Amino acid sequence: MNAGAAATSSEAASTETPVFDRIYTLVAELTYRCPLRCPYCSNPLDYQARKDELGTEDWQRVLREASELGALQINLTGGEPLLRQDLEQIVAEAARLDAFVNLITSGLPLERERLAALKQAGVNSVQVSIQGPDEASSDRMAGTRSFQHKLQVARWVKELGLPLTLNFVLHRENLNRVAEIVALAEELSADRLELANTQYLGWALSNRTALLPSRAQLDAARLVARAAKERLKGRMEILFVLPDYYSDRPKACMSGWGQRYVVVTPQGLALPCHLAQTLPNLTFENVRDRSLSEIWFESASFKAFRGEAWMPEPCKSCERRSIDYGGCRCQAFHLTGDATQTDPVCSLAPTHGLIQAARSNVAAPEVLIPLRYRGAREARG
Amino acid sequence: MNHAEDQPRVASKAKLRLDPKTGKKVLLSPEKGLVLNGSAEKILGLCDGQRSFQQIVTELAQAHGHAQEQVERDTAAFLDQLAERGLIEGWSR
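Residue numbers (this note's numbering), protein chains in the order written: chain A, 1 to 381; chain B, 1 to 93.
Hints may be right or wrong, so weigh each one.
[Unchecked claim] Derived contacts from chain A toward chain B, CB cut-off under 7 Å, selection only:
{"#": "1", "residue": "R22"}
{"#": "2", "residue": "N102"}
{"#": "3", "residue": "S125"}
{"#": "4", "residue": "D191"}
Simulated from the structure, these hints should not be mistaken for laboratory data. The model shown is predicted, which means the values in this text are computed figures rather than measured ones. Every residue, glycine too, gets a C-beta built ideally from N, C-alpha and C.
This is chain B alone, in the form it adopts within the complex (with noise of 0.2 Å):
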C-alpha cells in the first residue's frame, strides 16, 4: 500500500485530549482510550488531515534525526493499527 499521499487525521468519533493525571495524551474513543507514548503523541500531533504521510515522515525524520525509511516504516505500522481500530481517517487500506 502506498500511502505518500494519504493525509490522515484522528477520526472524528475519536478525541484527543491531555489525561492531566499522567500528563500523557490519549485518544478516546466510544467506551475505549489509548494511552499515547511519546513518538505515537508526535505522529498524531502531524495528522491534521492537511499534510501528506510522506510529509509527516519526513517532520519526524528531521526532528529526530532518524533514517527516513525507519521511521516511514514505524509510522505507517502505528497508523494502520490505528486504521483497524477506526481511529483514523484519510488513511488507504
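Chain A with its partners taken away, still in its complex shape (with noise of 0.2 Å):
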C-alpha cells in the first residue's frame, strides 16, 4: 500500500529548481492596532504612522486572490484582528474558499458570544498569545491587565470545540518557567503549545539587552521542552522554536523570501515576510493598485531575494543555500546595514562578530531591565 504523507512544510531541501508557481499560506495583518504593548511586536516600530486599512471588500478580494494564487490556509492576524469589526465578514469570505482559517488573537476584546459567532462563520482554529505562565509576569510584558481574560478566552475556544494554539514568546524573563507554562498549557488542554523564542527584530531588537537570554538558560529550557513533548505526543503537540542568536546556521525565514507566504499588511502592502517594508531600495507593492498574482510573479521586490541568483558568498556556494536561503533579509540589513549580506546568525558570515557581542553581554535571568513597549511616545521608526 504504501501510504504515507508528506509535509507541506519545506524541511528537506528539493534537488529540483523552484519554480514559485504558487502561495501556501496568506498572512493577513488585519489592522495594527492592538490593546497590548509587547515589547517583543513584530509589527514595524512606525507603526502608528501607517494608517487607511483596507475595507472589508478590499479583504474579501485578496483573499480570493490568495486562494486563486493557492493558498490552503489563511491566517488572520494584526495587531489584533477582533479590533475589526467585520472580522466576521472576512472569517466568512475565508471560509467560503475553503481555506484553513487560522484566528491568531491576543484575545482581548473577546465576549463568549463573538467566539461562537466567528466559529459560526468558518474559524478552524484559535490562537491566543499569553505573555508568562502567570499573571504578574504575563501582565508586565503585555503592558496591560490582560492575563485572566486570556484563560477564559482559551476556556472558551476548548468549551467551543474549536483546536486551542497557545503561542508564548521565550526571552530571558521567562525561559526558567517553561514547565510552568507547560502546565498551564495543560491545564487549558491546548492542542498546541508554541514556545517561540523572540526573534530580534523591529520591537524586540531595540529591547534585545532586556530580552536575549543566556545559552545555559536555553539549553536548560530547551530539555523541559523536549521532555513535555515526549510526555504528552498525541495529545498536546509542542513546538520549540530555536532562537537564531544560538544557532550556528540561520533560518529558513518564511521557508525562503517569495517562496510559500504572502503578508498583506492592514494598509495593503504586499510582503514577503512582516518586516520587509523596512528594508530599503525595495517597493513594495499594494494590493490595491495590482492582485496578488500579478505582485507574487511580476513585482521586482518578490523576485529581490528569491531562490539564489542574489546570494553573496559565503551562501553562494554553500551546501545549505537551498535549505536556509541565506537566512533572514531583515536581520541582515537591521544588523548589518545590507539586506544582501549573509544573515549574521550563521557562524561562517563576515559579521558573525555583531552575534558573538550581543551573546557576550547577556544579563542574568533575576535582574529587571526596563522595557520599551510598543506605542510608547519615542516610537519611530
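Work from the hints to combine the two standalone chains into their complex.
Structural data, given as C-alpha cells:
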C-alpha cells in the first residue's frame, strides 16, 4: 500500500529547480491596532504612522486572489484582528474559499458570544498569545492587564470545540519558567503549544538587552520542552522554536523569500515577510493597485531575494543555500546595514561577530531591565 | 493494540480538502499541511467515524486485491502516524 504523507512544510531540501508558482499561506494583518503593548511586537516600529486600513471588500478580494494563487491556509492576525468590526465577514469569505482559517489573537477584546459567531462564520482554529505563566509576568510583558481574560478566552475556545494553540514568546525573563508554561497549557487543554524564542527584529531588537537569554538558560529550557513534548505526544503538540542567535546556521526565514507566504499589511502592501517594508531600495506594491498574482509573479520586490541568484559568498557556494536561503534579509539589514549580506547569525558570515558580541553581554535572568513598550511615545521607526 | 473496533475519523481540528494546484488531497491543521498520496487518500476517504477499522481494511483489501494482513499493517501504521500528530480521532492508543 505504501500509504504516506509528505509535509508541505519545506524541511527537506529539494534538488529540483524551484518554480515559485504558487503560495501556500496568506498572512492577513488586518490591523496594526492592538490593546497590548508587547516589547517584542512583530509590527513595524512606525506602525502608528501607517493608517488607512483596507476595507471589508478589499480584504475579501485579497482572500479570493490568495486562494486562486494556491493559498490553503489563511492566518488572520494583526495587531489584534478582533478590533476589526468586520472580522466575521472576512472569516466567512475565507471559509467560503475552503481555506483553513487560523485566528491569531491576544484574546482582547472578546466575549464568548462573538467567539461563537466567529466559529459559526468559519474559523478553524484559534491561537491565543499569553505573555507569561502567571498574571504578574504576563501582564508585565503585555503592558496591560490581560492574563485572566486570556485564560477565559482559552477556555471558551475549548468549550466551543475549536482547536486551541497557545503561543508564548520566550525570552530572558521567562525561559526559566517553561515547565510552568507547559503546566498552564495542560490545564487549559491546549492542542498545540508554541514556545517561540524571540526573534530580534523591530521592537524586540530595540529591547534586545532586556530579552536576550544566556545559552545556559536556553539549553535548560530546551530540555524541559523536549521532555514535555515526549510526555504529551498525541495529546498536545509542542513546538520549541529555536532562537537563531544561538544556532550556528540561520533559519529559512518564511521558508524562503517569496516562496510560500504572502503577508498583506493592514494598508494593503503585499510583502514576503512581516518586516520586509523596513528594507531600503525595495518598492512593495499594494493590493489596491495590482492583483496578488501580478505582485507574486512580477513584482521586483518579490524577485529580489527569491532563489539563489542574489546570494553573496559564503552563501553562494554553501551546501545549505537551498535549505536556509541565506537566512533572514531583515536581520541582515538591521544588523549590518546591508540586506544582501549573509544573515549574521550564520557562523560563516563575515559579520557574525555582531551576534557573538550580543551573546557575550547577557544579563542574569533575575535582573529586570526596563522595557520599551510598543506604543510608547518614543516609538519612531 | 487491537484496533478492530476503532472507528477512526479525521480530527475536528483538521480539514481534508483538494489542493487544486496539484490535484492531490491535503490534510490541513493549524500551520501545517500534509500532502496525501493515493493510498493515504483512499484510507482517509473511508475513515468516516462509522466504519470500523476491520471494515476499512476489508474494503481496501478487496478493492485492490491485496492481502488482508499487509493492508492491515500498512493502514494501522499510517493511522498511528496521524494519531501521533492529533490528526485523527477514534483511534485507540
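Now for the hints, and whether the structure bears them out:
Interface restraint check: A/R22 against chain B, minimum CB-CB distance 5 Å, threshold 7 Å, status holds. Proximity of A/N102 to chain B holds as hinted, the smallest CB-CB distance being about 6 Å (cut-off 7 Å). A distance limit of 7 Å between C-beta atoms decides the matter here; for A/S125 the minimum to chain B is near 4 Å, and the interface restraint holds. Taking 7 Å as the C-beta contact cut-off toward chain B, the hint placing A/D191 at the interface holds, the least distance being around 6 Å.
Every hint from the earlier list agrees with this structure, and none is contradicted.
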